[in-house]
Amino acid sequence: MSTQAPPTSAAGVKLRMQHVSMVFERDGKTTHVLDDINLDVQDGEFICLVGPSGCGKSTLLNVMGGFLSPTSGSVAIDSEAVHGPDPRRILVFQERGVFPWLTVEGNIGFGLSKLSDAERKQRIAHYVQLVRLQGFEHTYPSDLSGGMKQRLQVARALAVNPDILYLDEPFGALDSVTRFIMRGELLRIWQTERRTIIFVTHDIDEAVQLADRVVVLSSRPAKIQDILTIDIAHPRNLSSPRYLELRDQLAQKIGLAFTA
Amino acid sequence: MNWLARLRPLAFIAVLLIAWQVAINRHPDQLLPGPWQTLRGIGDLLQHGLLFKYVVASLFRVTWGFLLAAITAIPLGLAIGWYRRAEMAFNPLVQIFRPISPLAWIPIAILWFGVGDLSAIFLIFVGCFFSLLLTAISAVHNVPDAYIDVGRNFGLSTPQFIYRVLYPAVAPQLIVGLRITLGIAWLVVVAAEMIAVNSGLGFLIVDARNAGNRYDLVVAAMVIIGIIGLLLDTAMRSLENVKSFRWGFPEN
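Chains as they are written, first to last, in this note's numbering: chain H, 30 to 289; chain R, 218 to 469.
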């Protein structure tokens with residue numbers, strides 16, 4: 030690998046995937062899910078992974094998060110190989126991510142058992158505020174709306190100070206209005222907390238609205254088909270010509286013909 | 218409105234009791250004692266200090282048999298459910314033992330433990346064990362993967378994981394299982410006491426018949442068994458209202 034750039038230029042690289050492939054064997058059937066994925070994610074970057082449904086976006090995210098080991102290839106974070114889930118990187122699920130037996134406070138404090146009581150309380154209070162759940166500290170998730178539950182999940186993830194947040198279609202089960210609001214909230218949180226975010230979605234608008242770069246995956250076995258840089262500053266004007274142009278480009282890349 | 222709704226089942230019971238009494242009065246041919254006779258039977262038992270003694274004896278056996286089954290079957294079931302390989306090994310055995318009525322164990326219980334409390338406790342244990350084992354196994358299977366992944370993600374040690382994720386996730390299902398199983402235990406104790414011991418409500422039923430056809434005492438014992446069963450179930454049910462379990466049960 031002499032053609033590789035010297036490590037100094039990789040200083041800003043947070044996550045590096047090299048030749049990652051994934052093959053599942055189930056009931057004697059082999060399914061090729063990921064095919065030679067190579068991707069560098071910069072520190073503090075907001076990446077969206079999009080692609081046709083069932084293409085392996087979630088699998089890719091689970092490989093990054095260490096929940097699945099790739100059949101071949103490697104994932105490294107800060108030049109350190111990933112060998113399993115790690116509290117420094119938290120995955121946020123689409124549904125059922127919050128623990129129904131814990132209150133809002135209990136959920137946010139879930140990963141904070143090593144802190145002193147005072148520190149934990151302070152941390153919980155901070156993130157309750159950040160995701161705007163004040164007044165619901167002692168509420169159980171069954172009494173929260175879908176959007177509130179997802180905010181709670183994001184708060185629980187952020188509370189342990191992760192350097193990367195993986196989000197697996199976190200707003201997929203929400204209605205479109207709530208979803209729109211949640212995107213704004215996530216951007217606000219990302220801008221104040223500056224974590225690296227890798228966000229799986231099948232929603233083109235969501236990707237163009239949120240991401241620095243959108244990684245377009247092909248259908249199975251998923252390859253990186255294209256990477257689209259969204260060069261619009263936040264807050265993004267969703268009816269600006271550039272926004273619409275990028276959205277159409279992305280739509281075309283995914284294979285939907287928006288332009289009749 | 219609320220107290221009216223609560224009164225309704227009581228009113229219905231009162232109507233049935235009256236109908237029962239009327240029917241007995243019109244055909245007094247001793248097919249069944251009437252409610253009044255039964256009530257006097259209960260009074261009789263109270264007077265001789267037998268009622269309290271027998272109830273305590275039965276509850277004592279149920280408590281021990283049930284608790285022993287709970288503290289062995291639940292951890293074992295959770296472990297079997299968690300390790301798929303263990304389940305493949307255990308499952309055929311469980312499926313063979315499960316359909317054997319606990320009463321089929323009576324001769325063996327007497328052979329091993331003689332006539333006495335131990336036999337009855339053993340029979341209740343057997344009756345509860347497989348029911349709880351299966352409840353625990355399926356409870357683990359029903360835990361959503363997301364909860365398990367979250368536990369892994371936050372870097373919990375195995376004991377922490379069991380205490381902070383697995384146990385709370387299965388608790389509501391275990392409560393349902395414990396409630397059903399306590400009902401089984403209460404069924405089994407009566408049968409066990411008819412054969413394996415000389416006290417308790419089951420013994421009372423057999424003894425009342427054998428010692429002079431005192432059917433009023435037979436029905437009195439049945440009524441007491443029913444009422445205690447109801448109380449036990451209500452007590453278990455109240456666990457469903459514990460806040461951290463509440464999520465696992467439908468509203469109301």
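Hints in this document: simulated from the structure, not taken from any laboratory.
No experiment lies behind these values; they were computed from the predicted model shown.
Check each hint, because a few of them may be wrong.
Said to hold, decoys possible - When the alpha-carbon atoms are kept at most 20 Å apart in a straight line, the in silico DMTMM-like pairs for lysine to aspartate or glutamate are as follows: (1) K143(H) <-> D192(H); (2) K460(R) <-> D64(H); (3) K460(R) <-> D450(R); (4) K460(R) <-> E166(H); (5) K150(H) <-> D56(H); (6) K252(H) <-> E134(H); (7) K282(H) <-> E134(H); (8) K460(R) <-> D260(H); (9) K282(H) <-> D260(H).
Status of each hint after checking the structure:
1. K143(H) <-> D192(H): 18 Å, holds
2. K460(R) <-> D64(H): Not satisfied, since the Cα-Cα distance of roughly 47 Å exceeds 20 Å.
3. K460(R) <-> D450(R): 19 Å, holds
4. K460(R) <-> E166(H): 15 Å, holds
5. K150(H) <-> D56(H): 49 Å, violated
6. K252(H) <-> E134(H): 41 Å, violated
7. K282(H) <-> E134(H): 43 Å, violated
8. K460(R) <-> D260(H): 49 Å, violated
9. K282(H) <-> D260(H): Judged against 20 Å, a Cα distance of about 17 Å means the pair holds.
The structure shown violates the earlier hints numbered 2, 5, 6, 7, 8.
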